[in-house]
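Novice: Here's the letter readout for the chains.
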Amino acid sequence: MPEKKTLLQNTFGKTVLLLGNEAIVRGLLEAGISVVTTYPGTPASEIGDSVSGIARESGIYMEYSVNEMVAVEVAAGAANCGIRSLVAMKHVGLNVAADALMTLAYIGVRGGLVLVTADDPECYSSQNEQDNRYYALLSNLPCLEPSDPQEAKQMVLDAVELSEKLELPVLLRTTTRVSHTRGPVSYGELKKPNLRGEFTRDPKRFLMVPAYSRPKHDVLLRQAAKAQEISENSLFNRVTKEGHEIGIISSGSAYNYAFEAANLLGIDASFLKLGMTHPFPKRLVANFISNFEKIIVVEELEPYLELQTRAAAQENHLNAEIFGKMNNQCFPRAGELTTRLVAQGLSLITAKKVPVDFERIDEAYSAAVKGLASRPPILCAGCPHRASFYVIKRVGGDRATYTDDIGCYALGIAPPLSVGDIMICMGGSVGLAQGVSRVTDRATIATLGDSTFFHAAIPGLVNAVYNGSHIVVAVLDNSATAMTGHQPHPGTGLTGMQSPAEKVLIEKVAEGCGVKYVKVISPFKTKEAATVLKQALAQPGPSVVVFRAPCTLMDLRERRRKGLTVKPSKITDKCTNCMTCIRMLGCPAIIVEEGKVRIDDNACTACGLCISTCPFGAIEGSCAE
Amino acid sequence: MKQFNIVLAGVGGQGTLLAAEIIGTAAVRDGLNVRVSEIHGMAQRGGAVTSNVRMGDDVLSSMIIDGGADVLLGFEPLETIRGLKCASQKTLVIMSSEHIPPSELAARNVPYPSDEEIRANIRLFTDKVIVLKAAALAKEAGNNLAQNSVLLGALAAVEGFPVKMESLLEALRELVPQRHVDVNVRAFILGTKTAKQQLNHV
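Keeping their order, the protein sequence lines are chains A and B.
As numbered in the working numbering, residues 1 to 625 make up the first sequence, in order.
As numbered in the working numbering, residues 1001 to 1202 make up the second sequence, in order.
A hint or two may mislead.
[Unchecked claim] Partner residues are not named here, just some residues of chain A that face chain B (Cβ under 10 angstroms, in silico): (1) G183; (2) Y257; (3) V356; (4) D357; (5) R360; (6) L372; (7) C587; (8) P588.
It should be emphasised that the hints constitute simulated quantities derived from the structure, not laboratory data.
Glycine included, each C-beta is placed from N, C-alpha and C at the ideal position.
Work the whole structure out from these sequences, hints included.
Specialist: Have a look at this one:
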């Protein structure tokens, strides 16, 4: 990450290498956006993190909200006091926030509000790859789609203006390849933030009871019609290259692939690049279509542009043949696009030969990687979750059902720990567990993290208490939103402004919800933890066990800062190479060389878990037991 | 400017992301059009990590097409093999030969592939290979964590690499934490020296 100062430099015209997400932050600084809210989630996380690093210095208010819906509500409150606001989240976060957003579209905003939704084609770090452009269609809100960091910055500036002009929130939809691409970004002037807002009463506008909602729906549709005109004339919707052979319509990172693929194949194509993809500029598109016999729509995930391109063609009685993924599968609908996939699709349509022998590459590649050991993401050496899962597995065994949740601990599903049977969404473990335990006679253990607990698990816990569900909720509390970059949450005692706050304790929340059996334990004290977990399983109603130990990455950083050295654990002569540690733990610091177990001194964090699992007492070092 | 595409393939924690950012920052300093792709989040936790750096006037996407790499900078042998999808006859492979065995090997009780096997797999794509011990050279420079700087130094020695060496060193000084700058500069220079000796024979 560039130094904080880099984003705050007031150097008009300077060009800096920025990550797409950092470019969005630079955009909000140049737009005078003054309230930023978020819940961390890949690929959106660096937006909040970059703002958190400079909020105090720049005079912005920033918070890591407890979840995406609260984030939208906070931003909407501020925006309706006239303050420019931005809220950022990953694509699935918008599902959580959708309830707020759909009606916020009715009341609108006074100060500009930009909602960044970062989609994740290919599920690099997500549970699904939904296409959030459909939220624009569903909510009638304008949507902008950048292709690179420079455009992402510019679109924040335009989105906030557009938002104020239409008095509607505006969606800025990125994907992983925009959010996580670095590119040159040219700086404009910084604008001073303003946190002095004013709320003016206007019940018919702001109180969405049925009598007031009905007319507001009409208002929304009128504003959407105005947005339509803006889209028809937007500079983000333009022909970027004139050609004669064929017309290509594209947006976002798919545009980059399409442009390069057409170059590769030597296709003389015209390109209509769409940056404002809702409302769809149907007159502009119809005009473009009318010049060609063949139109190709290149887009990632759903055929969102294609559907509307077809509608525009039909409305204008245009007979051009339209290629995409609806009737003819020229491009895949699932997964991320690549220049290769687009080139192959274009080749199919135009009969131009791809000048790269992909078959030969594929053949050589499958020969090279045949039997190659995979290297999936795993729990780090010293991760407290490994200890928690070791304990949970020892107590619950193969008989129990384990409902799982979103976070680092989802990596516990990998062998040899293999804890995790069903997982869908944030906080879902608690509700799923209740359904499973209601209709089976198996012990049911929900595992979820600390940040996830605050995000979405509390209503589920209240539900379990009130309905008397027989479940154990194991909160794996590592004092951070670890997977996304150790962001703070209400249990950490730190805010997004990086100021101290009183911790909200998970155990107190659980007791407050009416849970009768609540215990906090250290996962590294494996015997004690196992005893507690057994007791929890024996309770008639729901119980909560908090496995508390800090994320080892944060802990190591802290130890290094204090100048403390880590003394790695050692394997002694007593080792019989029984492989228990290998079979039970899957710790990356324990390796086998020439049939012998060895500890990698560079990787070992001296957590002591292997010491307490070795049946021969053959590992030495400091142990928590 | 003609395209120049670099794949950096390694294991989470080896500093591939920082190395890619240093190249990109240096390219911007030299006024080049550049794109750097990264993968964050879940994939970072000790897993395989790949970054792409692309330079050139007509570059739009941050992703290199299969077979399109000019240089494959392999931080670890198995990950170098996994990165070969972007390689072809034109590709120069610069590989650090030090092993980081994936847990799967221990779990399945399978040995790490031999140097010969690894070489043979690379030769399915290209004969242009140079091999060095990045962590050992980094240790010689003062800290084995500076292996990414060793590989950056090696990259700087490659003919046709469009970024000026002094821009790369400036970007390194800017982005590496202050107290580690000297070690990393030494590691960089060792990398350049070692690569130059071998490049004469490629």
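Novice: Kindly indicate which numbered hints from before are broken by the structure, ordering the numbers from low to high.
Specialist: none
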